Amino acid sequence: MSLTLYPSFVLSLFEEEGGVFCKLAGRSAGCCMRQVGDEVLTDCPAEEAVYYTGVWYLDVREQESPGGLSWLVDLLLDIYAPLGLSVDVFDPLHVFTAVFLSQATSYHVNVLSWTRRLWRMAGDPLRAAELAPSIGGSYQLRRLADAVRCASRALQSADARRGLLSCRHVGPKTADATLLFALADTTAVPVDRHMVRMCRRLGLFEGAREPRPSYCRRYRCGDCPVRGSCLRWLASSRLGRLAGWVQTAFYVHERLYCSRGLCGECLLRRECALSI
Numbered sequence: 215m216s217l218t219l220y221p222s223f224v225l226s227l228f229e230e231e232g233g234v235f236c237k238l239a240g241r242s243a244g245c246c247m248r249q250v251g252d253e254v255l256t257d258c259p260a261e262e263a264v265y266y267t268g269v270w271y272l273d274v275r276e277q278e279s280p281g282g283l284s285w286l287v288d289l290l291l292d293i294y295a296p297l298g299l300s301v302d303v304f305d306p307l308h309v310f311t312a313v314f315l316s317q318a319t320s321y322h323v324n325v326l327s328w329t330r331r332l333w334r335m336a337g338d339p340l341r342a343a344e345l346a347p348s349i350g351g352s353y354q355l356r357r358l359a360d361a362v363r364c365a366s367r368a369l370q371s372a373d374a375r376r377g378l379l380s381c382r383h384v385g386p387k388t389a390d391a392t393l394l395f396a397l398a399d400t401t402a403v404p405v406d407r408h409m410v411r412m413c414r415r416l417g418l419f420e421g422a423r424e425p426r427p428s429y430c431r432r433y434r435c436g437d438c439p440v441r442g443s444c445l446r447w448l449a450s451s452r453l454g455r456l457a458g459w460v461q462t463a464f465y466v467h468e469r470l471y472c473s474r475g476l477c478g479e480c481l482l483r484r485e486c487a488l489s490i
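Numbering (my numbering), first residue to last: 215 to 490.
No wet-lab data here; the hints were simulated from the structure. Remember, predicted model here, so these are calculated numbers, not experimental data. Be a bit skeptical, because a hint or two may be false.
Stated by the list, open to error - Pair ranges (Cβ atoms, derived):
id, residue 1, residue 2, range
1, 324, 372, 32 to 40 Å
2, 231, 344, 22 to 30 Å
3, 487, 442, 43 to 51 Å
4, 488, 367, 37 to 45 Å
5, 324, 421, 42 to 50 Å
6, 477, 373, 39 to 47 Å
7, 337, 367, 18 to 26 Å
We put the beta carbon where it would ideally sit given N, CA and C, even for glycine.
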């Protein structure tokens, strides 16, 4: 469970102490989870706990076929079989808050500190966003209130991705991370630096570039005239409902191995163009 929560924006709604994760805000605030062996013990409602722990996704992962990229998925499963997808479809604005604040800063250092302080001040994300400038001077905190107000409308629209992209200071990565972790859309791929570097290392989607915000705001992905060179579209169309999980596994792998220079211990080194 810890591995699944580590890369998830849902972690911003929990605080961990002694292996026990307790929910600070949102639906069922105050409920707790802990893992004992292969079993998760929790007083969170069962229909929520399966999402928070990522267990809901394990069946999806087994049913989905990656087509020509089965070699990649099989390799990642060998390494990260316990990794699920922790999402919170019950508190989308809370999740968006963490996603938005993560722009150009450290999630595990700054964002988790900010959000946990905010949830103690106000459980409602709209009120918390108004209070955000009082806990620091970072531009992410100053911009949060306008973004959360806009996102509250966008998340209720028929096309949530383009609705989110209509909000100021919201780009494709922020929109896609919100779709993935707040709406459980596992075809959404937040194209961050980890995704880009891992694709380069493994020779995936050569020549593809990050999503272009101006096109994302004008077109749905399937209608976009430049989708053939878009990393987001290529990953989503080739991997289907595995796309968000693969991106999450890439994030974990980059943090655990690549950023630490542990090439000699990396189980992907035979496929890596940059391995020493």
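TODO: State the violated hints by number, sorted upward, taking the hints as numbered earlier in the document.
DONE: 3 and 5
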